[in-house]
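Protein sequences, first through last, are from chains A and B.
Here the numbering used here = 1-based position in the first sequence + 133.
Here the numbering used here = 1-based position in the second sequence + 133.
There is no bait here: all hints are sound.
If several chains are the same, the list does not tell them apart, and a pair holds so long as it fits within one copy or across any two.
Below, computed lysine to any residue pairings styled on SDA-like, alpha-carbon distance capped at 25 Å:
1) Lys191 - Gly204
2) Lys307 - Tyr150
3) Lys307 - Asp288
4) Lys191 - Glu202
5) Lys434 - Pro205
6) Lys434 - Gly204
7) Lys434 - Ala522
8) Lys307 - Glu508
9) Lys191 - Ala206
10) Lys191 - Gly442
11) Lys434 - Ala206
12) Lys307 - Ala151
13) Lys191 - Ile226
14) Lys307 - Glu285
15) Lys307 - Asp144
16) Lys307 - Ala154
17) Lys191 - Pro205
18) Lys191 - Thr439
19) Lys307 - Ala344
20) Lys434 - His222
21) Lys307 - Asn149
22) Lys307 - Phe147
23) Lys307 - Gly260
What the hints contain is simulated information worked out from the structure, not anything from laboratory work.
Here is how the chains run, residue by residue.
Number of protein chains: 2
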Amino acid sequence: MMSPGSGISLDPWFDNYAARAAGLNASEVRALFAVASRPEVVSLAGGMPYVAALPFDKVRSSVDTVLAENGPAALQYGSGQGLPTLREHIRTIMAEEGIRAGVDDIVVTTGSQQGLDLVTKLFIDPGDAILAESPSYVGAMGVFRSYQARVEHIDMDEHGMIPAALTDRIEELKAAGVPIKFLYLIPNFQNPAGVTLSASRRVEILDIAQAHGILVVEDNPYGLLWFDSPPPQALRSVDEAGVIYLGSFSKTFAPGLRVGWVVAPHGIREKLVLASEAAILSPSSFAQMILAEYFSSHDWKRQIDTFRGIYRERRDAMSAALATYLPDVTHTSPAGGFYLWLTLPEGLDSKEMLPRAITELVAYTPGTAFFANGEGQRNIRLAFCYPDADFITEGIRRLARVITAERELVDTFGPATSEIPLAANLESPPPEVV
Amino acid sequence: MMSPGSGISLDPWFDNYAARAAGLNASEVRALFAVASRPEVVSLAGGMPYVAALPFDKVRSSVDTVLAENGPAALQYGSGQGLPTLREHIRTIMAEEGIRAGVDDIVVTTGSQQGLDLVTKLFIDPGDAILAESPSYVGAMGVFRSYQARVEHIDMDEHGMIPAALTDRIEELKAAGVPIKFLYLIPNFQNPAGVTLSASRRVEILDIAQAHGILVVEDNPYGLLWFDSPPPQALRSVDEAGVIYLGSFSKTFAPGLRVGWVVAPHGIREKLVLASEAAILSPSSFAQMILAEYFSSHDWKRQIDTFRGIYRERRDAMSAALATYLPDVTHTSPAGGFYLWLTLPEGLDSKEMLPRAITELVAYTPGTAFFANGEGQRNIRLAFCYPDADFITEGIRRLARVITAERELVDTFGPATSEIPLAANLESPPPEVV
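For reference, chain A alone in the conformation it holds in the complex:
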């Protein structure tokens, strides 16, 4: 008879990996998400934009124009910093949020995720601290871990990161001699919490960062997707010397082209270009030219209005369904973006509950994915971007059934003890969780 482990093929190169590879472990919710992608499951898990609302005829005509007018250049290597004409369009887009930048300040990347990867690679030695919201973007947790950063979460409330909590943590870390390399923030319609940093706190936080000589990394994929009124102006619009800004076409156009950008102070920008060339040589010329053509020939602002309308309606559907089916569960009220953050009643564990939710044909992302320290067990991120209003309503109805059953169990038997050790929360994001 075979022993239990004998069917597992061990990795003969296990002892050869770099220290940083230890942080790369498959999430145990990964397999669940594969199940969750089946059509009968209402997935409120993934942050996939609703690209079906794009004007496909315009996309096709943009592609045709690029191939007809610029085919060989579109299929060739490009410059490491990115196509100047696309960088011009990026300037115009950023001007919508009050950011002034020269084309020379912009580096085009393979999605803003690559921008974050390059910034982290440039600044983080093992053990260096990054300050981040509590909770923060799961993909950022993955990058930071891959460079062995020490992530320090700073408390938030409904107005975003709390300045006093930021100051306290900076002072603690400085007293302990821990180098703080940057403050990572998603000020608008935060992923996952769905809250927006208030205007007054933006000023306060920039003041704190400046006073302590801490670089700010502002990640803003959702800023233009406001529902009622625009969010306060970007941090980068106030402080050009101390803020690195990450932008993305994934939410205002489409993620399938993998194009984002970084705006950085001059010295950093130079190093980012060199780091990007080492990593990928150059971003896709073809993707950049299609975007440049689309943004020059199409009414993209109106398209963003269309997206706003769709996501607003879905946010409304989710809020209404939560009020109907889960009236006593607390959650945030996002004024834009894709996500809403839910806090379960005491005694419930969102990761424990996920397999049961999937059995009931609804999926979500457990809160622990958004923390570097195992917190978030009572939290759930719900995404309202992809399913339509009816599916969202049905999804929340199913979720309510799961939560109610779980509460009854807890009331009868007491809270479940998680079999998942804390360290398992330090996992990589499944690709479905963006």
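Given the coordinates of chain A, work out where chain B should sit on it, guided by the hints.
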């Protein structure tokens, strides 16, 4: 009056960078390459494939099919490992070189450069050794430096890396206690040397690597671009447990889509997917679908034949021009690929000579770009892939004029003392040098 340095704006974040950022410095030949891209200059520098020979009508119809049949999926996020249908095509392409691989063994990347970046990130702690050919690919030198690897060059001759030299170096490094993480090789039509590793040496080198427990990274962008007969079979086709294979669509299709792949032993493959998700979330769905459609609907083997014919003709033109204009300068005789490696007469310095060459309207890549240790001063890489035969002939004629003038100077005044310190050779590649 202003002091000499006062016009330079210093980087206020200089003290905050990670240790690895010290390797990211702009090349001083970068500015020269900007000049070299002017149309009156015959550039024998960049390794840009001749994409104008692609069937643009087929490319356009592939794109149209993707958008018509799969538009929303093409514009959406994809899986971190890459599209299964494209991985099926990759299997078929690799079978041409004797490689058997399951779709599950393949990871799609943003060009094979990203594959090399991820492999290096997974394995290299600062100071770990990588063994590489002498000379080796400039872009690999850039990645390796960005993770603070110690690159050890192993001597080559016209049959590729010399096995005895490899054994000697491994033993020296082991005796010195330096961890050797992998052996990086470009066995076919090597960049920059243009030589091919012989069949018998492939076996010998794999034996040596196995005996010492050293992983082999086989980079093979040019393997299908042979001129007279195919090169010996891929190392990966012989050893599946000990070889990571890097493949690319940049030379058999086009670099503008930025799609490459990695084939790796199972345990490594799993970590590569997680590392790629941390770095870019997922490769471009759009680019992958276009490639899958092109490879399923077009006679891609015939297209590769077309490319072979074009590059063979250009190689012939370069060989003939060298025989005519520089009969006593030694160079390699590539049987495929893009490059030829030239050794200047004693006393000449290829980097010193570059500004004068550009003045004469011809550009090349100085040999030092292909070494991590400052060697290569007497070498030049010439690329015959992009300009047509007449331009190549004219370029070599101009180069001969420069070399002749330089020799006369040296004969009269003795060799020039380079004003460029050795450390300046440790520079990042300009994007034009692939």
